[in-house]
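Novice: Listed below, chain by chain, are the residues.
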Amino acid sequence: MSTLPIATFAEVRAYARTLMVRHRGSLALMLSLYALAAVAALVPAYVIGLLTNDATSHALTSNRIVDLLDVLASSSLAYGVLSFLARRRSYILGERVFAELRGSFLLSVLNLPLLVVENAGTGDLLSRTTSDVEAMSRTVRFALPEWLVAIIQTLLTFAAMVLVSPLASLASLVSLPILFFATRYYLRYATPGYRRERISYASLAGTVAETAEGARTIDALQLGDRQNRRIEANLRENFYAEMYTLLMRMVWFPISESAFALAVAATLGWSGLLVLHHVLSVGAATTVTLYVVQINDPLDRLVSWLDELQMGQSSLARLVGVSGVHDSRPLTGPEPADEELRLHNVRYAYGEGRDVVNDVSLVIRPGERLAIVGPSGAGKSTLGRLLAGTDVPRAGTVTLGGATLSDLPLTTLRRHVLLVTQEHHIFLGTVRDNVALAQPDASEEEVCSALDAVDALAWVRHLPEGLNTELGTTGHDLSPAQAQQVALARIVLANPHTLILDEATALLDPRAARHLERSLSAVLEGRTVIAIAHRLHTAHDADRVCVMEEGRITELGSHDELLSLNGSYAALWRSWRHETS
Amino acid sequence: MPHLPYRELPDANPGTPPTRSPSHYLAWLARQQRGLLSLNAVFGIGWMVSQALVWAAVGEAIDAGLVHHSPRALLTWVALVMVLGIVQALCGSLRHQLAVTNWMHAAFRTSHIIGRHITATGDALTDEIPAGDIVNTVMADAMRVGGTFDSSARFAGSIVSWLVVSFILLGTSVQLGLIVLVGVPLLTCLTIPLMRPLHRAQAAQREAAGRLAAQASDTVTGLRILRGVGGEDVFYANYQRQNERVRLTGVRIATPQAGLESGQVLLPAVLTVIVTFIGAHDVMNGQLQAGQLVSFFGYTTFLTTPLRTAIEYVISVTRAYVGANKVLRIVRTVPTVRDGATRYQWPDGFTELRDERSGVTLRDGRLVGIVSADSADVVPLVERLGRFSADMRGVTLDGAPLEEFALSETRRHVVVSEIEPRLFSGQLREELTPHDDRDEAAITVALHAASATDILELLAGGLDARVEERGRGFSGGQRQRVVLARALLTHADVLILVEPTSAVDAHTEERIAQRLRLMRDGQCTVLVTSSPLLLETTDEVYLLHEGRAVTHGTHNDLVAQCADYRRIVLRTDES
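Line by line, the protein sequences are chains W and L. So the first sequence is residues 1224 to 1804, counted in my numbering. So the second sequence is residues 1438 to 2012, counted in my numbering.
Please keep in mind that the hints were generated in silico from the structure rather than gathered at the bench. Since the model is a prediction, treat every value here as computed from it, not as a measurement. Among the clues, some could well be false.
[What the hints assert, rightly or not] Covered by chain L, according to a simulated footprint, are these stretches of chain W (three or more residues, beta-carbon under 8 Å):
{"hint": "1", "segment": "1282–1293"}
{"hint": "2", "segment": "1324–1335"}
{"hint": "3", "segment": "1467–1477"}
{"hint": "4", "segment": "1482–1491"}
{"hint": "5", "segment": "1502–1515"}
{"hint": "6", "segment": "1721–1731"}
{"hint": "7", "segment": "1757–1765"}
[To be verified] Short derived list, chain W residues pointing at chain L, Cβ under 10 Å:
{"hint": "8", "residue": "1302"}
{"hint": "9", "residue": "1304"}
{"hint": "10", "residue": "1429"}
{"hint": "11", "residue": "1450"}
{"hint": "12", "residue": "1596"}
{"hint": "13", "residue": "1601"}
{"hint": "14", "residue": "1642"}
[As the list claims (entries may be wrong)] Beta-carbon label-pair distances, calculated as ranges:
{"hint": "15", "chain 1": "W", "residue 1": "1618", "chain 2": "L", "residue 2": "1976", "range": "50 to 58 Å"}
{"hint": "16", "chain 1": "W", "residue 1": "1787", "chain 2": "L", "residue 2": "1772", "range": "53 to 61 Å"}
{"hint": "17", "chain 1": "W", "residue 1": "1547", "chain 2": "L", "residue 2": "1677", "range": "20 to 28 Å"}
{"hint": "18", "chain 1": "L", "residue 1": "1615", "chain 2": "W", "residue 2": "1286", "range": "23 to 31 Å"}
{"hint": "19", "chain 1": "W", "residue 1": "1625", "chain 2": "L", "residue 2": "1877", "range": "50 to 58 Å"}
{"hint": "20", "chain 1": "W", "residue 1": "1582", "chain 2": "L", "residue 2": "1976", "range": "41 to 49 Å"}
{"hint": "21", "chain 1": "W", "residue 1": "1421", "chain 2": "L", "residue 2": "1507", "range": "49 to 57 Å"}
{"hint": "22", "chain 1": "W", "residue 1": "1775", "chain 2": "L", "residue 2": "1577", "range": "51 to 59 Å"}
We treat Cβ as the ideally placed atom computed from N, Cα and C, and that holds for glycine.
Put together the whole structure using the sequences plus the hints.
Specialist: Right, here's the structure in full:
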């Protein structure tokens, strides 16, 4: 199993920079609004300083109070309005950026080479699609804007403090080294803890999902207690994970909070001394102290969002990583001369293992019905994948009309050869959407006749909304057999010249399967059909039967020829048809 | 990471909650952790009150220290500022710790209760509530229930600190004290209406975002098919359409969200302006000192915090109520089948299990085939034999109603393996023998019988390999054989296998048919199938029509005598 790549720090930074540059206008507007709001927020403390000065020099008059309170009221109002506008902008921008991020991630997913998808499995990709996108949502919509705002507020408040009195502001800096070291320590130990928390919640969700979906099996096999123990174990792990990060915060919080208190006390004491030495006015000391109290808030947010940002960065790396995988398949390439599929001395092995397809040569005649039979593990499905161009042989060639399969652009390949496996998936959407997956412009008649070709039209007509019935996890539930019929209807509608059916009717009951195959072959007259099947009637109905054993083709010929050959196919057939006893 | 010296969560027994109403449920939870909640409130109060009192010390430092030129007084009050700061830091940290603990207790107890329930109700629950909703309730609603226990201590702190500030002000000015005493609750009530449009917009966005996430997961789950057959463009266009919809619902949140946040700052500012205005006049008239004015300004800016906390608490209670309602919807479901009057005990060896309505009799030691033209026909019979049906009339074990045996006994003695049973994630060994009977030799025999030894060879780690969620790593045929081995390993007295080989090839099917017979020799086994390879090995076969046995005999006899049977099993009409 190969895994999907994760972007490097430099790639993530470059990606973030591109995003920022693309939205520089809105970003600048948002930050300016925030800066203006931050300036407005600085006024009240200054006004209080002026009031204090007037009070201590007994210069306070009614008019002065009204004037100053006018300023206080209007600056508060300005702050309210500006911060409203700034926040609104920031939410709107966050939604836009996040929407772009989601969209471009899904586009990368949709462009992943088939082989990469097959090899990496859906698990990793699914967790990127769900939990990493979710983590990014918090980062992009809340953490990042809040953090940028906190920086602006911190800088502007400090600037104001320095403007009032550079000397008095010095004391406010005492908290910085404490905050720096405490936070660095905290981030180093807490971040893996938050990751562990996320993983522990994902496994709880997994166990609960598995338990709810498998309720019947759990009941039948009396697995209730065991599943309950598993849920308890998950909860216990959730608890430990939470306790760990809590412990980290229990070290960090008192230290950083005390540092904030220290800054206030130190500034008050220091500026007080300056007042006593007639270097500073009482009002200025008051204002500077109020500013220190005020700066603690953005400073706190500045450091508190760091863990979230760090996690966001690692999620972004996993999202951007997917976009780095490119299809090795060319976008343009040769056009096959005809429809003849040809395997020449083909070998295939998974990883370093032994060849599961071992020196196979086979010419498939256009328009024939070929059945591939053989015991499990004989390499039938691998052969199917090689014929469909999903996998590339280790040695030897697979050609279609003289062109090597792996040189064909994906769109060309799909027009010619399509593979349907036992694996079925019903997508969210209507029956029509599911059938017309690749042919969105197909007419209702075309969709109906494809469904008819797989014996599905009757039951589709009986669905609550017929063709427009919503399917998928939230809609109408189809049986596995019905899902398989939909999968087949899909490729009937796609209408390639060669169809490879790998156990594509295995989930239907035998009679229905045979009936389906017969109506299908009527529709597919003239098309090449390669059927990998375990039910021997499929072989019986085929033009040629290919028997595979241990990676090799051991028998090849028509049903009657193989029967007269009296080999393993004949033996199996007789037992199937109850002719031995 | 090490285990911590904390009392483990969850408790072994989460208790039995009242299911009458969400309020009863929340009250019950609160009672379970009342000690922790009270302690948390103490620190919540200490934390908030010390924040308010810092302003008193700052004011005194200005008046006694700066205005009256006393370095001593300055130092004393500065020291008090520091002490109050440290008290605030310590109380705040302990408050946080207890808040998280309270949250966990409530949330995990709720998850645990749901967990216990879903493992015991069978499919009665999933018939009513989709699995996705159950996951959501555990992951989100239980957390919402916990959330209110997180914020309750801060709420207590808000109330007390608001009263403390009001009384301090009353001590110097009745007018100012009354303004704060009345103003804060008034402003809170004024802010609450701002929440309603926000909540509506958030709910709309959650729904739209949920649909988008489902669409993305759907695309990824079906990606192999999508990349194989095509249709990426359509999917991308659909996704982008919904993506844009989600963005717009998000934009619709922006105004009420920004409004609420700015309102939470702007409304208390009204209080600040009024208090400062009156205070400044009092200073002018000599009734108040300059430092006290600074304190008053400080108090009113501080009051933003209790105000915000009160609003947060109201939100959290509403959410907890909604969450508890969803939790109760799950907890209220009852299983379809439950023990009634248990009068009999399973015998050591039984003679026959009989279903009157279909006319099928299972005798001990026999391998029985059940064939029907329509596979749906057999389902009610299987449900009755396995006691999954609520209507058990006419099902008897050696003459005694099967209903009157203990359910757990019946489950142990009669095992039904349906079409597409579930595989769970875990070590293969444990998934094969979930009931702690991990005899390697027995597992090997069962895997051999299910013709599944080749799967073991392919897996790195053999029996220790991990089975993925739902057995996703296996092909359909592999999954079916593993599940068959698991069923065989139950060694049940009556083993009912529904289409056990539908996804395996004919060669393998034939092998399984032979080995199954050997392995289950002397035990009662039922094969619901139409495969001639399996039926050939049976002792007797029932042919069902519309749920009733129409004929009964050996496979060979039925092949020879019954045209319907031949048509179904040998498909003679068409070849």
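Novice: Next item in the hint list is residue 1302 of chain W. Is there a CB on chain L closer than 10 Å to its CB?
Specialist: holds (7 Å)
Novice: Within 51 to 59 Å or not, the Cβ separation of residue 1775 of chain W and residue 1577 of chain L?
Specialist: holds (55 Å)
Novice: Are there three or more residues in the segment 1324–1335 of chain W whose C-beta lies closer than 8 Å to some C-beta of chain L?
Specialist: holds (count 8)
Novice: Can residue 1429 of chain W be said to touch chain L, with a Cβ gap under 10 Å?
Specialist: Constraint on residue 1429 of chain W satisfied, holds at 6 Å.
Novice: How does the segment 1721–1731 of chain W fare against chain L when you require at least three residues with a CB closer than 8 Å, holds or violated?
Specialist: holds (count 3)
Novice: Is the hinted range of 23 to 31 Å satisfied by the C-beta distance from residue 1615 of chain L to residue 1286 of chain W?
Specialist: For residue 1286 of chain W against residue 1615 of chain L, whose Cβ atoms are near 27 Å apart, the range 23 to 31 Å holds.
Novice: Can you verify the interface hint for residue 1304 of chain W: is its Cβ closer than 10 Å to any Cβ in chain L?
Specialist: Given a least distance of 8 Å, the restraint on residue 1304 of chain W holds.
Novice: Honestly, do residue 1618 of chain W and residue 1976 of chain L meet the 50 to 58 Å range at C-beta?
Specialist: At roughly 51 Å between Cβ atoms, residue 1976 of chain L and residue 1618 of chain W fall inside 50 to 58 Å, so the hint holds.
Novice: Between the beta carbons of residue 1787 of chain W and residue 1772 of chain L, is the distance compatible with 53 to 61 Å?
Specialist: holds (59 Å)
Novice: Should the hint that residue 1601 of chain W touches chain L count as held when the rule is a Cβ pair under 10 Å?
Specialist: holds (8 Å)
Novice: Confirm or reject the coverage of the segment 1757–1765 of chain W by chain L under the rule of 3 or more residues with a beta carbon closer than 8 Å to the chain's beta carbons.
Specialist: holds (count 5)
Novice: Note whether the CB distance of residue 1547 of chain W and residue 1677 of chain L lies within 20 to 28 Å or breaks it.
Specialist: holds (22 Å)
Violated hints: none; the structure is consistent with every hint.
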